[in-house]
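J.: Based on these hints, arrange chain B on the given structure of chain A.
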Amino acid sequence: MRFKAAFAALVLATTALAGCAVEQSGQQADKPTIRVGYQTFPSGDLIVKNNRWLEEALPDYNIKWTKFDSGADVNTAFIAKELDFGALGSSPVARGLSAPLNIPYKVAFVLDVAGDNEALVARNGSGIDTIAQLRGKRVATPFASTAHYSLLAALSQNGLSPSDVQLVDLQPQAILAAWDRGDIDAAYTWLPTLDGLRKSGKDLITSRQLAKDGKPTLDLGAVSDEFATQHPEVVDIWRQQEARALTLIHEDPAAAAKAVAAEIGLSPEETEGQIKQGVFLTPEQVASPEWLGAEGKPGNIAANLQSASQFLADQKQIPASAPLQTFQDAIYTKGLPSVLSQ
Amino acid sequence: MSVFVDIAPDEPQVGSAAVVASAGKWRGRITRAALPLLSVVVFFIVWQLVAASGIWNQTFVPYPSTVWQAFLDVSSTHDGVRGYAGFLLSEHLYMTLRRVLAGVVIGVALGVLLGLVMGSIAWVRSVLEPWLTFLRALPPLAYFFLLVIWLGIDEAPKITLLALAALPPAAVATTAAVVAAPVGLQEAARALGASRREVIRDVVVPSALPETFTGIRLAVGMAYSSVVAAELFNGIPGIGGLVKDASNYNNTPVVLVGIFAIGISGLIIDGLLRAIERRAVPWRGKL
Chain A
1 MRFKAAFAAL VLATTALAGC AVEQSGQQAD KPTIRVGYQT FPSGDLIVKN
51 NRWLEEALPD YNIKWTKFDS GADVNTAFIA KELDFGALGS SPVARGLSAP
101 LNIPYKVAFV LDVAGDNEAL VARNGSGIDT IAQLRGKRVA TPFASTAHYS
151 LLAALSQNGL SPSDVQLVDL QPQAILAAWD RGDIDAAYTW LPTLDGLRKS
201 GKDLITSRQL AKDGKPTLDL GAVSDEFATQ HPEVVDIWRQ QEARALTLIH
251 EDPAAAAKAV AAEIGLSPEE TEGQIKQGVF LTPEQVASPE WLGAEGKPGN
301 IAANLQSASQ FLADQKQIPA SAPLQTFQDA IYTKGLPSVL SQ
Chain B
1 MSVFVDIAPD EPQVGSAAVV ASAGKWRGRI TRAALPLLSV VVFFIVWQLV
51 AASGIWNQTF VPYPSTVWQA FLDVSSTHDG VRGYAGFLLS EHLYMTLRRV
101 LAGVVIGVAL GVLLGLVMGS IAWVRSVLEP WLTFLRALPP LAYFFLLVIW
151 LGIDEAPKIT LLALAALPPA AVATTAAVVA APVGLQEAAR ALGASRREVI
201 RDVVVPSALP ETFTGIRLAV GMAYSSVVAA ELFNGIPGIG GLVKDASNYN
251 NTPVVLVGIF AIGISGLIID GLLRAIERRA VPWRGKL
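So the sequences go chain by chain: A and B.
Residue numbers for the first sequence follow this note's numbering, beginning at 1 and rising by one.
Residue numbers for the second sequence follow this note's numbering, beginning at 1 and rising by one.
A hint or two may mislead.
What the hints assert, rightly or not - Label-pair distances were calculated between CB atoms; the ranges are:
{"#": "1", "chain 1": "A", "residue 1": "LYS4", "chain 2": "B", "residue 2": "ALA137", "range": "27 to 35 Å"}
{"#": "2", "chain 1": "A", "residue 1": "ASP195", "chain 2": "B", "residue 2": "ARG82", "range": "56 to 64 Å"}
{"#": "3", "chain 1": "A", "residue 1": "SER161", "chain 2": "B", "residue 2": "PHE43", "range": "36 to 44 Å"}
{"#": "4", "chain 1": "A", "residue 1": "SER267", "chain 2": "B", "residue 2": "ILE276", "range": "57 to 65 Å"}
{"#": "5", "chain 1": "A", "residue 1": "SER341", "chain 2": "B", "residue 2": "PHE43", "range": "52 to 60 Å"}
{"#": "6", "chain 1": "B", "residue 1": "ILE276", "chain 2": "A", "residue 2": "LYS64", "range": "47 to 55 Å"}
{"#": "7", "chain 1": "B", "residue 1": "ALA137", "chain 2": "A", "residue 2": "ASP164", "range": "24 to 32 Å"}
{"#": "8", "chain 1": "B", "residue 1": "ARG136", "chain 2": "A", "residue 2": "LYS212", "range": "51 to 59 Å"}
Claimed, not checked - In silico lysine to aspartate or glutamate, DMTMM-like type, Cα no more than 20 Å apart, as pairs:
{"#": "9", "chain 1": "A", "residue 1": "LYS258", "chain 2": "A", "residue 2": "GLU272"}
{"#": "10", "chain 1": "A", "residue 1": "LYS316", "chain 2": "B", "residue 2": "ASP73"}
{"#": "11", "chain 1": "A", "residue 1": "LYS137", "chain 2": "B", "residue 2": "GLU155"}
Unchecked claim - Derived, one-sided and incomplete: chain A residues facing chain B with beta-carbon distance under 7 Å:
{"#": "12", "residue": "ALA72"}
{"#": "13", "residue": "ILE79"}
{"#": "14", "residue": "PRO100"}
{"#": "15", "residue": "ALA144"}
{"#": "16", "residue": "LEU170"}
{"#": "17", "residue": "ALA174"}
{"#": "18", "residue": "ALA178"}
{"#": "19", "residue": "ARG181"}
{"#": "20", "residue": "LYS316"}
{"#": "21", "residue": "PRO319"}
FYI, nobody ran anything at the bench for these hints, they're computed from the structure.
None of the values given here were measured: they were computed from a predicted structure.
Cβ atoms here follow ideal geometry from the backbone N, Cα and C, with glycine treated the same way.
Just chain B, same shape as in the assembly:
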């Protein structure tokens, strides 16, 4: 998931130029909606052409229609078989989203808290920073086996892994944002008689929030991209488990269905987070 920073455009100037401006705005909106759609259409056409050209084996590049058929099979009960490995696609996705939600909530909550403390107290930052960087550098696959030994094969290791993936980005972004809180405003608040706690609550946290939100979106992205690793063991039902199992059987259409499901739900989640961000911190970029 990429991170776009939304800077809400200022309201258009009212006056004689308003009509022209609004026409331009509409054209802009249509372009913005049409371009992504166009890119998707072009993608499918290229895909179909590549598959039809026969350069690659069907196992590498199946037809879009084959993948669509796999999607229908995985989403329904057919010939007495329920979805994939006994679960429908929506159930796989639901289990994964539940794990991601639990992991992200834990990871982000701890991360933001850690970031606040690290940003406000210099010696805590010095103590914890190397550990955080250490954790951030580890690919989840490297330590997942340890989590299985310690926590078993059910939900606990999966959620822990996702939380560990989500924690560092949230913590790092929050730390940076807290450190960067404008000193001028803090001193002004101090001069007006605010206590240390009031300065943090009324000045530091609000000015750090926009960047923290970026960190949260990064954290969700990190957790989401660790889903296949988290569901490596006993991952069914789960979309990552589905991708892994299908690839064990060289079942490319189902692998692609899983990848699309992960990617598209990731896009939707990021869109939701951006909408929440716009509502929650409308002062982004205006401080």
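Isolated chain A (complex conformation):
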């Protein structure tokens, strides 16, 4: 009898606890839900989220924002059909569009292009002034990130293969710790960790330079094929809000920084400094042949993604790179460029 009572109490407690989960999404059951995955790198996506522009523009839908820590997780969520929109780097997108993942999603927006906010820094006193001098040194970067891609691109520009240096897989916070202890000689990482490294080191190359050399890394907005086919009008509104955020970054950086700062937990001043170091396109540039292109004429971004896919194949992370056509088909150009200015 006592066992039964205990069991009943356990069941009661479990159901009661399940009922008081902490949620603040304000979802209404009678409206369809749009699921948006975001990451906390400074971008227009965070401005849209913080100002609730998507909720305002789509009053007939619930918007469910979910935070992700890496592009790999966003890919997993897309595969599981748990996301309609997602923000992720160009490297995870290239992986997602290649075999064996073949994720059915399309690139619908360029959130930002890595500029001086991602850089390869050498520690003062390590005697390293050029990338070529990294041979045999310990270089840290978070593996599978856009910085990892940029580091290997920078090395190969200088005739070094990945095995010529000692690559160390560290997350940004750990890079800072290892740097202060003198465990590493150089690191390719991003803000705000980068600020800490620059105090006692100097840039060897930044992602802005690599983008000029034809190896840009980008943060992209992706939409699942299923959702884009069923609700093209929602995709239009989503792209218009993202474009509005880009315009705000250019016209009123302080207001943009305030919204982003609220999402990433830094001060508006620090955030404004970070945003200045990134490259944010104007809506016109996004729809230019250099990036997304126009309807029927997918832009150069397909070539960038194909080269990222080739890079992954060289790294043996995917069996083979996908052809350019795959990436051109995966650029969502419907209504571009006029749709962005509506």
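T.: Leaving out everything else, chain B in the frame of chain A:
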């Protein structure tokens, strides 16, 4: 890793029933060997069927043959690429086992010593018990970043983490075993003129050993299950680093190869420990 307590069966009765008993024993042995094998076969059949059914994406449930191919790729040099991230599977496993061994030896040695002291001296137990419980409640991931700041990115933080994971189970089991040492035997030894030290050496430690061994096996299990956390930073070569890196690339077959490698080597290690236990403390359950 689960812990089974082996109680060696008594020798079969000699006499007229011996023939029957030995036949039954053989049948028992065959069942014991066949059942686990059967469960493995059923598992692979179910796996193959689930993968073939196509309910889930290949990234979630790859075919057994895909995982086998990944295992072969990771274990050999193919297309000029050596194993995974430049190291063969055996090298990943060797580095991990080396770290686990170092961590477990340090953790268990300190833990058993601590347990002996805590079990024998009541006030030490009162002082240290809350700290031990505190440490035991912490998931290794919570404090690993601190170890990186304090100890760097090489072997030191990894081994420290594994030692910290292994210490509490060993200490708690030893403490409990020492406290539970039969008072009757201790008093009998006292009455026969043994000193305090002799009582501990000849009565307390032998009676505590079986339970301490269970604690050691638990400690090894705890350390082993912290391997991925320990190899989160700069974990390559290492089987935990391999699992983490492959999952960053959504490379499920390699993740599964890593998981199988961790699980199977864990089974083997536990089997070895049980064999050692049987040899070292044959008096378990007979005191």
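J.: A separate judgement is required for each hint: does it hold in the structure or not?
T.: Evaluated hints:
1. A/LYS4 to B/ALA137: 27 to 35 Å: 30 Å, holds
2. A/ASP195 to B/ARG82: 56 to 64 Å: 37 Å, violated
3. A/SER161 to B/PHE43: 36 to 44 Å: At roughly 41 Å between Cβ atoms, B/PHE43 and A/SER161 fall inside 36 to 44 Å, so the hint holds.
4. A/SER267 to B/ILE276: 57 to 65 Å: Holds, since A/SER267 and B/ILE276 (Cβ atoms, about 58 Å apart) stay within the stated range.
5. A/SER341 to B/PHE43: 52 to 60 Å: 58 Å Cβ-Cβ, so the 52 to 60 Å window holds.
6. B/ILE276 to A/LYS64: 47 to 55 Å: 54 Å, holds
7. B/ALA137 to A/ASP164: 24 to 32 Å: Hint violated: Cβ distance 45 Å, outside 24 to 32 Å.
8. B/ARG136 to A/LYS212: 51 to 59 Å: Taking Cβ atoms as reference, B/ARG136 and A/LYS212 lie about 54 Å apart, which means the hint holds.
9. A/LYS258 to A/GLU272: Given pair A/LYS258, A/GLU272 holds - Cα atoms ~8 Å apart, limit 20 Å.
10. A/LYS316 to B/ASP73: Distance ~11 Å between A/LYS316 and B/ASP73 Cα, so the pair holds.
11. A/LYS137 to B/GLU155: 18 Å, holds
12. ALA72: At about 5 Å, which falls below the 7 Å cut-off, the nearest Cβ of chain B leaves the hint on A/ALA72 intact, so it holds.
13. ILE79: For A/ILE79, the interface hint holds, since the closest Cβ of chain B sits about 5 Å away, which is under 7 Å.
14. PRO100: This interface hint holds because 6 Å falls under the 7 Å limit.
15. ALA144: OK, holds: A/ALA144 within 7 Å of chain B, min 4 Å.
16. LEU170: 5 Å, holds
17. ALA174: 5 Å, holds
18. ALA178: 5 Å, holds
19. ARG181: 5 Å, holds
20. LYS316: Since chain B brings a Cβ to about 5 Å from A/LYS316, closer than 7 Å, the hint holds.
21. PRO319: Violated. Min distance 10 Å.
Going down the numbered hints, you'll see the structure goes against 2, 7, 21, while the others check out.
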